[in-house]
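K.L.:
Chains X and F supply the protein sequences, listed in that same order. Residue numbers for the first sequence follow the numbering used here, beginning at 126 and rising by one. Residue numbers for the second sequence follow the numbering used here, beginning at 126 and rising by one.
Hints are supplied without guarantee of correctness; some may be wrong.
If several chains are the same, the list does not tell them apart, and a pair holds so long as it fits within one copy or across any two.
Below 30 Å or equal to it, Euclidean Cα-Cα: the simulated DSS-like pairs (lysine-lysine) are [as the list claims (entries may be wrong)]:
#1 K423 with K570
#2 K522 with K148
#3 K134 with K522
#4 K306 with K570
#5 K423 with K134
#6 K423 with K557
#7 K306 with K557
#8 K522 with K423
For the record, the hints were derived by calculation from the structure and aren't laboratory data. As the structure is a computational prediction, the values presented were derived from the model and not from experiment.
Protein chains: 2
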Amino acid sequence: MTMLAPDNKTAVLAELRAGLGSKVNTDDGVRSARGHDRSHLPWEAPMAVVHCTSTGDVSEALAICSRHGVAAVPIAAGTGLEGGANSTADSICLDLSGMDKILRIGSADLDATVQAGVMKSALNAALAGHGLTFPVGPGVDASVGGMASTGASGTTAVRYGTMKENVLGLTVVLADGTIIKTGGRSRKSAAGYDLTHLFVGAEGTLGVLTEVTLRVYGIPEAASVAICSFPTLESCTAVVQSTLESGVPISRVELLDDVTVDAVNRYSGLGLPVMSTLIFEFEGSATNIADQGEAVRKLALVNGGTGWDYASDPDQISRIWRARHDALPSYTALVPGSSTWSTDVCVPISRLAECITLTKADTDREGVLAPIVGHVGDGNFHLAFVLPPGDDGVLVKAGAINDRLVERALSMGGTCTGEHGIGLGKTASLVKEHASAIPVMLAIKSALDPQGILNPGKVLAG
Amino acid sequence: MTMLAPDNKTAVLAELRAGLGSKVNTDDGVRSARGHDRSHLPWEAPMAVVHCTSTGDVSEALAICSRHGVAAVPIAAGTGLEGGANSTADSICLDLSGMDKILRIGSADLDATVQAGVMKSALNAALAGHGLTFPVGPGVDASVGGMASTGASGTTAVRYGTMKENVLGLTVVLADGTIIKTGGRSRKSAAGYDLTHLFVGAEGTLGVLTEVTLRVYGIPEAASVAICSFPTLESCTAVVQSTLESGVPISRVELLDDVTVDAVNRYSGLGLPVMSTLIFEFEGSATNIADQGEAVRKLALVNGGTGWDYASDPDQISRIWRARHDALPSYTALVPGSSTWSTDVCVPISRLAECITLTKADTDREGVLAPIVGHVGDGNFHLAFVLPPGDDGVLVKAGAINDRLVERALSMGGTCTGEHGIGLGKTASLVKEHASAIPVMLAIKSALDPQGILNPGKVLAG
């Protein structure tokens with residue numbers, strides 16, 4: 126991208142206003158508010174924010190940007206963690222948060238079609254009336270389009286998969302404003318190139334997702350949870366490996382390291398043993414969840430588990446989950462005024478304990494507070510750097526620890542990100558991970574976005 | 126593709142022989158045997174067959190083909206049904222059936238890496254020693270590379286998904302011989318464009334798959350099956366919809382139409398009621414499969430099911446599955462000397478009964494024998510035209526019925542193929558289904574294979 130000439134900027138804004146009227150917003154506060162996600166990565170206020178409410182709006186805006194070679198950066202909830210929605214001063218921000226319509230709920234087919242800006246919470250509120258749920262997604266509320274764009278997942282991937290397994294079809298606006306449909310409503314298809322999966326996880330660099338068709342699920346008849354402490358990280362992964370191989374269909378298994386347990390004990394007064402801890406969730410019929418729980422309890426005991434605490438009563442379930450839900454606020458409560466930087470990697474589960482152990486040794490050595498929680502059924506874990514206010518030294522150390530974490534994960538056959546995406550923050554990591562495949566990614570980017578106007582600098586560094 | 130000049134042909138063969146020695150085979154019988162799949166679609170013997178045993182062989186052969194602009198057509202088991210592996214006289218056939226090494230079984234991580242020519246049966250024989258299984262794939266034994274290339278699935282997709290959900294990573298040789306790796310061994314990744322899914326289902330038109338890393342599964346502790354007759358197709362789909370929404374994790378649910386039941390009764394003396402029939406399979410612990418069976422039995426009764434027959438004893442399980450396994454031979458036994466042409470579509474399950482009913486009316490009206498079996502949990506079904514020997518009139522009628530079947534499926538929000546792929550047979554159907562997305566597919570094809578030498582004419586008609 127070259128710098129935009131002032132005349133060009135004036136022309137672009139004039140055309141946008143002519144086509145999209147009051148949806149074009151150049152208010153300073155709005156441009157700043159919509160110019161970035163939740164990461165610590167660099168951003169600038171875009172030259173304008175276009176409040177899109179339809180696929181047609183996105184198409185019109187991109188056609189104008191394309192004619193002028195101006196960058197366009199899509200954003201919806203802005204909950205990303207790697208700068209994937211961060212703007213530059215020369216770009217137009219496409220704000221999809223107003224694309225909040227649930228277009229269709231297919232109870233008979235267990236699917237739903239929504240606009241990209243629909244929040245996961247809103248979707249689930251609408252689905253609940255049909256006895257349905259969409260279980261995929263991060264702990265924070267996020268937009269369906271954003272989740273699809275980053276290939277997001279979360280705690281339930283061990284049972285339900287990630288967005289990759291749950292997006293059936295898309296409406297996508299290409300760089301020049303052309304609208305295409307990918308996939309469809311059938312549960313499977315072998316018809317042509319799988320463009321749905323190409324756009325899912327492309328973080329808006331190949332096209333802008335405007336409508337998403339999802340698999341949805343019946344709300345389980347019953348659910349229960351169990352929490353259990355373990356002497357080592359190895360014993361945690363061993364019980365999870367045995368559980369997965371046995372085929373017990375656990376819907377969640379979350380790891381809390383000793384630092385996290387200590388933090389939530391302080392924050393929420395839980396009094397849990399300060400040890401590596403697993404929380405399991407079971408879903409199914411009332412008898413089935415009891416069977417699942419009993420099967421896993423036996424495996425936990427064999428692997429040195431202690432303090433097994435099983436709950437099927439809603440209040441007790443909430444009490445157990447609190448240790449996980451309070452993790453993030455408990456971290457920042459440890460250091461007044463601090464913020465967190467959450468990074469993620471994913472490794473084969475056989476290497477997970479070793480990867481976490483080496484990473485904890487690294488953070489201890491550097492004196493950086495960085496608790497760990499993990500979606501251990503997938504081999505995915507998050508390291509949350511606690512950044513004291515105004516201490517750039519910790520940020521530098523955290524950056525170096527993050528680099529070593531990625532190297533470690535890659536050396537173990539893992540990936541530099543299990544679910545947060547590449548964004549701005551991990552473009553160098555992507556090159557390390559997929560050196561042989563980068564030319565293919567660049568060829569596809571070039572074929573679909575020859576001017577490089579779609580979310581430039583993200584995924585593939587410019 | 127232009128016709129190949131004789132000098133060019135001589136030069137290509139000389140270079141292939143110089144590089145690959147006795148792996149280059151120009152024997153007439155071999156060229157004919159490896160020039161086609163199991164479809165009725167056109168093919169010619171290729172100018173040579175290269176018996177590849179390594180990724181390096183494929184790379185060397187493609188580098189030579191690329192330098193001369195000569196087409197390359199990969200094949201392994203040759204069990205395809207849409208001509209996806211059919212050669213032309215100007216092409217080089219890359220025979221991957223000798224790439225039969227199982228490279229790694231990761232018991233601890235529930236994954237395995239195999240060469241593309243490994244047969245599903247050989248993989249499962251090797252996995253069994255580790256207590257593992259790979260449940261995905263068609264009824265016929267097929268190669269892992271072929272299954273990945275067509276995005277295959279089969280009877281277990283309702284529980285385990287298709288090849289799309291079960292390929293974690295690939296080694297791919299590009300048109301110019303470059304070797305790349307996609308994906309990896311972690312259970313999930315949000316790192317860059319999802320090239321794995323792009324190559325899976327591309328039928329060798331974007332690159333040749335040489336190694337595949339798969340998710341594998343623990344062998345279930347127990348399995349049981351049940352068969353049940355229903356008064357209408359609607360009642361069959363209703364019970365399946367209720368089952369899916371309830372979350373009972375059935376591993377298979379197969380529909381046999383009345384024509385199929387009649388055929389297997391004659392062929393195998395089964396004495397089943399000549400009605401729409403479902404066969405369910407349940408997997409899990411011994412108590413769990415009984416619970417699943419009981420839950421589905423209740424739903425079947427509510428929906429008019431009769432003759433519920435449940436079996437957990439291996440002999441009785443085999444007896445019940447026989448109705449499904451004998452379907453294809455029972456069809457050809459109806460007409461001496463006949464062959465079958467199996468086509469497939471997939472629709473939202475809410476439209477499945479209507480789609481099958483209209484299709485049966487069409488075959489009845491045309492007087493064409495075409496029984497139906499379906500993977501009804503996915504909304505996917507197969508119409509098997511029974512083609513009497515030497516009767517081209519039936520082939521013409523079948524072609525027209527197939528065209529109308531595709532139109533019908535598309536009008537219901539379905540796809541022109543759930544699992545057989547596009548190959549040569551459904552290129553026009555693909556254009557109808559994905560009109561808006563075809564330019565994107567062509568742009569990707571052009572970016573990755575600018576000379577159009579990879580399996581030309583397949584998926585995207587030349």
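K.L.:
One pair to classify: K306 and K557, alpha carbons no more than 30 Å apart. Within, between, both, or neither?
P.N.:
between (33 Å within a copy, 12 Å between copies)
K.L.:
Taking 30 Å as the upper bound on the Cα-Cα distance, should K306 and K570 be classified as within, between, both, or neither?
P.N.:
Both ways: K306 and K570 sit 18 Å apart in one copy and 18 Å across, limit 30 Å.
K.L.:
Should K134 paired with K522 be assigned to within, between, both, or neither, using CA atoms and 30 Å as the limit?
P.N.:
For K134 and K522, the Cα distance exceeds 30 Å both inside one copy (40 Å) and across copies (61 Å).
K.L.:
Using 30 Å as the alpha carbon limit, work out where K423 and K570 are close: within a copy, between copies, both or neither.
P.N.:
neither (50 Å within a copy, 52 Å between copies)
K.L.:
Is the C-alpha distance from K522 to K148 at most 30 Å within one copy, between copies, in both cases, or in neither?
P.N.:
This pair counts as neither: shortest intra-copy Cα distance 43 Å, inter-copy 55 Å.
K.L.:
Checking K423 and K134: alpha-carbon separation at most 30 Å within a copy, between copies, both or neither?
P.N.:
neither (66 Å within a copy, 67 Å between copies)
K.L.:
Using 30 Å as the alpha-carbon threshold, which applies to K423 and K557: within, between, both, or neither?
P.N.:
neither (41 Å within a copy, 55 Å between copies)
K.L.:
Is it within, between, both or neither when you check K522 against K423 at 30 Å Cα-Cα?
P.N.:
neither (42 Å within a copy, 61 Å between copies)
Hints 1, 2, 3, 5, 6 and 8, counting from the list given before, are not met by this structure.
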